[in-house]
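Asker: If you read the protein sequences in the order shown, they are chains A and B.
The opening residue of the first sequence carries number 8 in the numbering used here; numbering runs sequentially from there.
The opening residue of the second sequence carries number 16 in the numbering used here; numbering runs sequentially from there.
What the hints contain is simulated information worked out from the structure, not anything from laboratory work.
Mixed in with the good hints, there may be bad ones.
Partial chain B-side listing against chain A, Cβ under 7 Å, derived [as the list claims (entries may be wrong)]:
#, residue
1, 57
2, 58
3, 84
4, 115
5, 116
Away from chain B, derived, C-beta distances all over 10 Å, residues of chain A [stated by the list, open to error]:
#, residue
6, 14
7, 25
8, 34
9, 35
10, 36
11, 47
12, 48
13, 52
14, 59
15, 61
16, 66
17, 76
18, 78
19, 82
20, 84
Here the structure is a predicted model, which means the values were calculated and not measured.
No residue lacks a Cβ here, since even glycine has one placed at the ideal position from N, Cα and C.
As a plain string of letters, each chain reads:
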Amino acid sequence: EAAVTQSPRNKVTVTGGNVTLSCRQTNSHNYMYWYRQDTGHGLRLIHYSYGAGNLQIGDVPDGYKATRTTQEDFFLLLELASPSQTSLYFCASSHRDWGYEQYFGPGTRLTVL
Amino acid sequence: GDKVKQSPSALSLQEGTNSALRCNFSIAATTVQWFLQNPRGSLINLFYLVPGTKENGRLKSAFDSKESYSTLHIRDAQLEDSGTYFCAGSASSGSWQLIFGSGTQLTVMP
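Extracted from the complex, chain A is given alone in its bound form:
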């Protein structure tokens, strides 16, 4: 089973702050994803990547940047955090594309004051 870890697990910042969320997977998966989860919604895709140096835009990308530095590591960057970005963020990975099983990290709870 894929191992996906996220850090930090909880983060509080202020409006306008700079935040980086980290994700690492250790099962040699090619695809990695960032999702956000808000009350009343399922998970919504922010960005994804199919390999080191690659970045694809998801469904709710505004206000977010991402970078895939290695096959294992995928980062989500909020450069000017806003209260609307208060959410639970999940990272996931899969061997290949969407038709393959995705494995999720434990989540990062971000609060923007």
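Please arrange chain B on chain A, whose structure you already have, making use of the hints.
Answerer: Just chain B now, with coordinates in the frame of chain A:
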């Protein structure tokens, strides 16, 4: 409208009883995943399905791609089954996506 619609949105069960959750797709889903989000917020993989049926202990899931729905059956519900169940379908609509439903919140009572 919702591309992946889950029902019911919430459900309370007595311990030891059975239930069925449903996911209807308005997309041409080719695979389905079911997850349990536990009270700590972690997403636990329950099933990954191509069209067909899978069973794991007290859980059983089916996916019918032609009729565009999936079901999750819970037999002999236990307290630890409480949480929010999500289904997600993968489909190609221009580009491939995994699209989540809004979840079914299940409470199992003693």
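Asker: State for each hint whether it applies.
Answerer: We went through each hint and held it up to the structure:
For the restraint placing residue 57 of chain B at the interface with chain A, the shortest Cβ-Cβ distance is roughly 5 Å, inside the 7 Å limit, so the hint holds. With a least beta-carbon distance of about 4 Å to chain A, the hint placing residue 58 of chain B at the interface is held under the 7 Å criterion. For the restraint placing residue 84 of chain B at the interface with chain A, the shortest Cβ-Cβ distance is roughly 17 Å, beyond the 7 Å limit, so the hint is violated. With a cut of 7 Å, the hint placing residue 115 of chain B at the interface with chain A holds, because the nearest CB-to-CB distance is about 3 Å.
Checking residue 116 of chain B against chain A by beta carbon gives a least distance of about 5 Å; that is within 7 Å, so the hint holds. Every beta carbon of chain B lies more than 10 Å from that of residue 14 of chain A, the smallest distance being close to 15 Å; the non-interface claim holds. The non-interface label for residue 25 of chain A is consistent with chain B: the shortest C-beta to C-beta separation is roughly 24 Å, beyond 10 Å. With a closest Cβ-Cβ approach of about 13 Å to chain B, residue 34 of chain A is found to remain outside the 10 Å limit, as its non-interface label requires.
Interface exclusion of residue 35 of chain A from chain B stands, the closest Cβ pair being 18 Å apart, more than 10 Å. With a least beta-carbon separation of about 14 Å from chain B, residue 36 of chain A lies farther than 10 Å from that chain, consistent with its non-interface assignment. A beta-carbon of chain B is positioned within 10 Å of the beta-carbon of residue 47 of chain A; the least distance is around 7 Å. At roughly 6 Å, the least C-beta separation between residue 48 of chain A and chain B is not larger than 10 Å, which violates its mark as non-interface.
For residue 52 of chain A, the shortest C-beta to C-beta distance to chain B comes to about 7 Å, within the 10 Å cut-off, and the non-interface label is violated. Look at residue 59 of chain A: its CB is around 20 Å from the nearest CB on chain B, clear of 10 Å, so calling it non-interface holds up. Residue placement check: residue 61 of chain A keeps its beta carbon more than 10 Å from all beta carbons of chain B (closest about 14 Å). Not every beta carbon of chain B lies more than 10 Å from that of residue 66 of chain A, the smallest distance being close to 8 Å; the non-interface claim is violated.
At the 10 Å boundary, the C-beta of residue 76 of chain A stays outside the reach of chain B, the nearest C-beta of that chain being 23 Å off. Every CB of chain B lies more than 10 Å from the CB of residue 78 of chain A, the least distance being 20 Å, so the non-interface label holds. Consistency note on residue 82 of chain A: stated as away from chain B, and its beta-carbon is indeed over 10 Å from all of that chain's, at 20 Å minimum. Every CB of chain B is more than 10 Å from the CB of residue 84 of chain A (nearest about 22 Å), matching its label as outside the interface.
Hint check: violations occur at hints 3, 11, 12, 13, 16; the rest are consistent with the structure.
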